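Protein chains in written order, with the working numbering: chain H, 2 to 419; chain E, 2 to 419.
If a hint is listed, it holds; no wrong ones were tucked in.
Now the in silico label distances, taken between C-beta atoms and shown as ranges: (1) E/Arg213 x H/Arg284: 54 to 60 Å; (2) H/Lys13 x E/Gln5: 38 to 44 Å; (3) E/Lys298 x H/Met2: 39 to 45 Å; (4) E/Lys298 x H/Ala93: 47 to 53 Å; (5) E/Ala93 x H/Glu98: 22 to 28 Å; (6) E/Gly108 x H/Thr355: 15 to 21 Å; (7) H/Thr355 x E/Lys163: 35 to 41 Å; (8) H/Asn218 x E/Ala50: 45 to 51 Å; (9) E/Asn107 x H/Glu28: 31 to 37 Å; (10) E/Leu4 x H/Glu349: 49 to 55 Å; (11) H/Ala93 x E/Glu62: 57 to 63 Å; (12) H/Glu217 x E/Asn107: 36 to 42 Å; (13) E/Ser326 x H/Ala93: 37 to 43 Å; (14) H/Gly287 x E/Gly108: 28 to 34 Å.
Here are the simulated DSS-like cross-link-like pairs (lysine-lysine), alpha carbons at most 30 Å apart as the crow flies: (15) H/Lys53 x H/Lys171; (16) H/Lys329 x E/Lys17; (17) E/Lys195 x H/Lys195; (18) E/Lys17 x H/Lys295; (19) H/Lys337 x E/Lys113; (20) H/Lys195 x E/Lys359; (21) H/Lys113 x E/Lys228; (22) H/Lys17 x E/Lys295; (23) E/Lys237 x H/Lys113; (24) E/Lys195 x H/Lys359; (25) H/Lys13 x E/Lys329; (26) H/Lys359 x E/Lys17; (27) E/Lys32 x H/Lys329; (28) E/Lys329 x H/Lys171; (29) H/Lys13 x E/Lys228.
Not everything, but these chain E residues come out facing chain H in the computed CB check (under 7 Å): (30) Arg373; (31) Leu393; (32) Arg396; (33) Ile411; (34) Ile417.
Hints are computed from structural coordinates only; laboratory data are not their basis. Keep in mind that this is a model prediction, so the values were computed, not measured. Each residue gets a CB set at the ideal place from its N, CA and C atoms; glycine is no exception.
Residue-level listing of the chains:
Number of protein chains: 2
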Amino acid sequence: MSLQSELLTTAKQAQKAARFLSVVSTEEKNKAIKTMAKELLKHSKAIIAANKLDVQSAKKEKRNSAFIDRLSLDLSGIKKMSDDLIAVADLADPVSEVIKTWQRPNGLVLSKVRVPLGVIGIIYESRPNVTSDCAGLCLKTGNAVILRGGKESIHSNQAIYKVISLALRKTGFPQGCISLIQTTDRQAVNELLKLNDYIDLIIPRGGESLIRGVVENSLIPVIKHYKGICHIYVDKYADFAMAQAVAFNAKVQRPSTCNAMECLLVHADIALDFLPEMVKHLRKSGVEIRGCAKTAKLIPGIKLASNQDYATEYLDLILSVKIVSSLKQAVDHIAKYGSKHSEAIITENLRNGTSFLKSVDAACVYLNASTRFTDGNQFGLGAEIGVSTDKLHARGPMGLVELTTYKYVIIGNGQIRT
Amino acid sequence: MSLQSELLTTAKQAQKAARFLSVVSTEEKNKAIKTMAKELLKHSKAIIAANKLDVQSAKKEKRNSAFIDRLSLDLSGIKKMSDDLIAVADLADPVSEVIKTWQRPNGLVLSKVRVPLGVIGIIYESRPNVTSDCAGLCLKTGNAVILRGGKESIHSNQAIYKVISLALRKTGFPQGCISLIQTTDRQAVNELLKLNDYIDLIIPRGGESLIRGVVENSLIPVIKHYKGICHIYVDKYADFAMAQAVAFNAKVQRPSTCNAMECLLVHADIALDFLPEMVKHLRKSGVEIRGCAKTAKLIPGIKLASNQDYATEYLDLILSVKIVSSLKQAVDHIAKYGSKHSEAIITENLRNGTSFLKSVDAACVYLNASTRFTDGNQFGLGAEIGVSTDKLHARGPMGLVELTTYKYVIIGNGQIRT
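Turn these sequences into a full structure, and let the hints guide you.
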């Protein structure tokens, strides 16, 4: 069978399974997810053995330690995957929720009812836990899912999928509910992205180049997350101790995440009092500072930040700094360089705080808190399939609700249009 | 200036205007919209004169009368455009609505707040009233809009745009809030669809080929409406009089609309009692029947329906008919041939009704009412920018709310992530 017809078969089976899933009860879905969780533990040895093959290849290819760390699975890693599945099973099912209901003068009763999206394609890179995470989240929301992991974790993904597949069989769910693309052929992604008659949504998870490739080639709607260039603006009326603690947290606690701060904006009136102390604190934790000319005057010896720096998601212990002369200049800088992810202001002035929250266009805008909170669990959504920096359908952390759409259900007693 | 750089300038101005619009008060937006309404009436002569040029060209090109009808504007047409603008100004503003708010154990207060989408591109065909409709709906929701009408109505659109532009000036709104692409060069659409750094959403309004072209070339998310192949299923337990009235209404009242019925499904057990009478009634109004083999046995002399017929949106006084042996067969037929637009069941049996509503995947599912109600005004949304057969972001009739997105506003008192 050609690659094209193989993918078409997979997509058709997924669409058929999606029709099955759309009317399955919450109890049955939960049972399947919990069975997956149990089977993962039962087959942990086989998964770890398969994972070893991937880790060996990665080492052979001289991948860096962060990469190998993301790829590696041990018993505690599998335990976590299993626990996460149980947590998803225990969450409330958003499907069938009546979002709104109203009656028209002619007697028609309209309801907006939450329903699954249909078939979701997930294109991801090396983390093998994404395989079980996405399988659980999609099944819970009544969506069929087609998984396409990176070639670096193919053995791990196949081993995990084998277990998931077994759990589906044991609980009477069609195999099409969860599919894993078995080939590592890169062309498979491009072929998949053309199947817009069968797949309703693509979620790419990975680096910017992967995502750009998906967007450029997809006929299917894509919800994505390019990058997080998050700012903290320390206003003239900031509480300095709070500003220092929050900015430090946003930069240092986990610099490799998309919600970490990449640029610190400081009002000129307080720069002299605030910035040298802040920088000292950051440098103690190994943060490299790249500042504007005004910053360099206050803190000699730092590297000057270029426009390119302000446009860069470092994901590392590096920080751009810019001294601004007004709230407006801070907001303009964020409009120019921000990635519409998470932006924060630190201020005790209500007017400035409100103005920032209103005029900054981002998925999440913060007053007096760290940008690091942009996360499904931290928001209390229970779990997330990712974060969206898009504006359509879902914005910010995407939980179960964001994996659904709605339909209008209209009940009448013979109404006709006149 | 090249076409490319001209469009880029337009898009950049729109993005800048969108930032302006995102913080403008409801009162100011309403004032601008009402000024547009007033100026349209004041300049009706100039608009009608411009429209005459378009109508003359259309006649020269031997366009059919339906086309010329859609294109033509007289004083009452302009009055309607003006009234529609005032109606939009009088609707509630969805922007700034707090959709949901909650507190986390660490004291963070999260709110999901409705905000404008940003910049919306509308690509449409010949109806010149779309120019003022979309301008009003987008301005009301705080979105900048880039309008690209068909070349057939370029003179009308330019005349209407001139008036809109004057109203913006009179009320202190930047011109970038509403732009009209002045060239009729087809390449302009393709260039526009690449400007995903500036435009947040594309809504194509027109025939299927226009929409397919947009989807294939767009890097910007598209919300669309391909076609409406709507079914009415007359169940075994239907009230015959109701079924006949509803089916007749859905086919005959306005056959050229996307929510008109294109295919009638009838349960085999009642076909003999119901169908001949129904067909007689439809034929009296000039409806051509194309039926399955079983239908042909009941009603001799009709044309046999091909698979192609079942997949066709006639938009005309033609109806496909199929006799099915079960509710399941009806639902399967709809899953295969439906366009996920509007689907109805006529039955007095609650179990069958509920099963149909649950298992049919469409934007709007009806029990005992005509599919002709799928419309923003009929739903009570006040106005609509179109109907979506997509599943992401907006489904079914799109009113003001569907022209917005949300952001998370998080208020803390110094929370950091641990």
